[in-house]
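Student: Knowing the structure of chain A, use the given hints to seat chain B on it.
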Amino acid sequence: MDGIHDLGGMEGFGRVEPEPGEPVFHTPWERTTFRLLVASTAARIFNADEYRHAVERMDPAHYLRARYYERMLTGVTTLLVEKGVLSHPELEAAAGGRFPLARPVRPNGDDERREPAAPLFAVGERVRVLRVRRPGHTRVPRYCRGHEGSVVHVAPPFSYPDASAHGLPGRREPTYHVEFDARELWGGEAEPGCVVVDLWETYLEAAR
Amino acid sequence: MSREEVASPERRAAAVAEALVEQGAVPDASLDSLAAVEERLDWRNGARVVAKAWTDPDYKARLLSDGTAACAELGFEGPQGEYIVVVEDTPDCKNLIVCTQCSCTAWPVLGLPPDWYKSPAYRARVVREPRRVLREMGLDLAPRVAVKVWDTTAETRFVVLPLRPEGSEGWSEDQLAAIVTRESMIGVARVTLPA
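Residue numbers (my numbering), protein chains in the order written: chain A, 13 to 220; chain B, 48 to 242.
If you are wondering where the hints come from, they were derived from the structure by calculation, not from laboratory data.
The beta-carbon is built from N, C-alpha and C at its ideal position, and this holds for glycine as well.
Please note: incorrect hints may appear among the correct ones.
Stretch-level coverage of chain B by chain A, calculated; a stretch enters the list once three of its residues show a Cβ under 8 Å from a Cβ in chain A [to be verified]:
#, stretch
1, 53 to 65
2, 80 to 87
3, 143 to 151
4, 158 to 169
5, 179 to 188
6, 192 to 201
Chain B on its own, in the form it takes in the complex:
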């Protein structure tokens, strides 16, 4: 490879990791212990929160009044979850989350965000033409449904509490958690029953 060519990101990342470990600049020699940190960042945690809110009215009230504490009750806390605000979908209001300036997300409950959430297209468009973006993503909203877009520009991390689907009456928390998707907690999809 010529010196003028840009090294592959793989080579660049390896060069930084090796140099950093060699320098002793980070306490952990191998970075491997961070695997445990990554495992905790799972959107299925958020699915547990939603399922509990759907089955336990007291929990739902706590979740909407203090999202941080209610998520911590279930053990979901940590970096990028210091101040969580849960916003509730209603039949008349659809909530959506974005971070237009970077890609901030509530890591402990939504996990590390998917590529589309971090894409320039989503970040640019969803604050301006949310209905069109939703339609393209397969969610057609009736005109009477108001759309509210939450831009994560400071330290609050937002989570959408989606509508519980009709036909799920009597389901257990586990059953409900299994049908909640990451997309529904970002707000770009509804929760639906398995076909």
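Chain A with its partners taken away, still in its complex shape:
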């Protein structure tokens, strides 16, 4: 989905404000929330791709307003409710107020591709990112879709997230570190430099 989470390249945000001496957790509930995520994934109630997508499905205004651990709390709780582990009304009763969850999932279809036997692309090769459109989870940032870059590294096969976030038949495929010239992504006025994006094989085609 082309959601609010896909922030790369958006304009209008202000300065980055580091907090001197920032603690790992600002409050006990942030720590609790982190433990809820670790415990639920360890118990295989959901996987990391389902979790990321649950956060992505948050109402955009809530997503931007919430800080990291509130997004985590919303994503984890959404899945615990969707998987039937916990009841939303009971949680709201226990919390003493509304408990906003993410919006319902719109699943990806099965593309029925097979697990590749060997990497399709090699270091040095030119590739183009497909204009991926998915109703559900994907890990192709909008800012690199349709753009051409060079493979600088081939990483080992990892579970394909567009499938595993939706309980589709799993497959593993290599991911490629693809280097894009900044002007290719942002136009001729861009600051000189480059951006490297880590992309699953399904997202790419050979550039002509």
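Tutor: Chain B only, in chain A's frame:
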């Protein structure tokens, strides 16, 4: 509190934790045993890796060719550290790490990331105007220095190997580890000698 108001995150988190434990849905009754997991997620581990790379050329070569194994040599491995790639700063190239779509980080060596790294402002801006973001954060790069931004969109977890500061010749690994910062391993700061 009215039923229409959103409960505080504190109340919400407590409600989920209590319900989950009551259900027995997670094997650990109290979640307290996870404190040991959290303790292992410390960016000072990364500082040890950097200091060793600066003092041991063979280790540095291993670190750059197989970051996962080289970090594991020092005992730093685990969730979000399954495939670590270390990228080396040079006088002509500054590397920077971001996760534009969530906030992925190499937990075993960089720890849980700071708020600014997870902020929409950093995630949105740093792929598009990295020099300006760096300047605002106090790092002014010469025009000849190329900027390379690494977006953590899949399962590779990146770590920047910063430049060793001039004037640290002859320092021990411990001394060097003490001056390496988390920011320098994310790439938004240089390592400097104490004033």
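Student: May I ask which of the numbered hints given earlier this structure violates, with the numbers listed in increasing order?
Tutor: No hint contradicted; all consistent.
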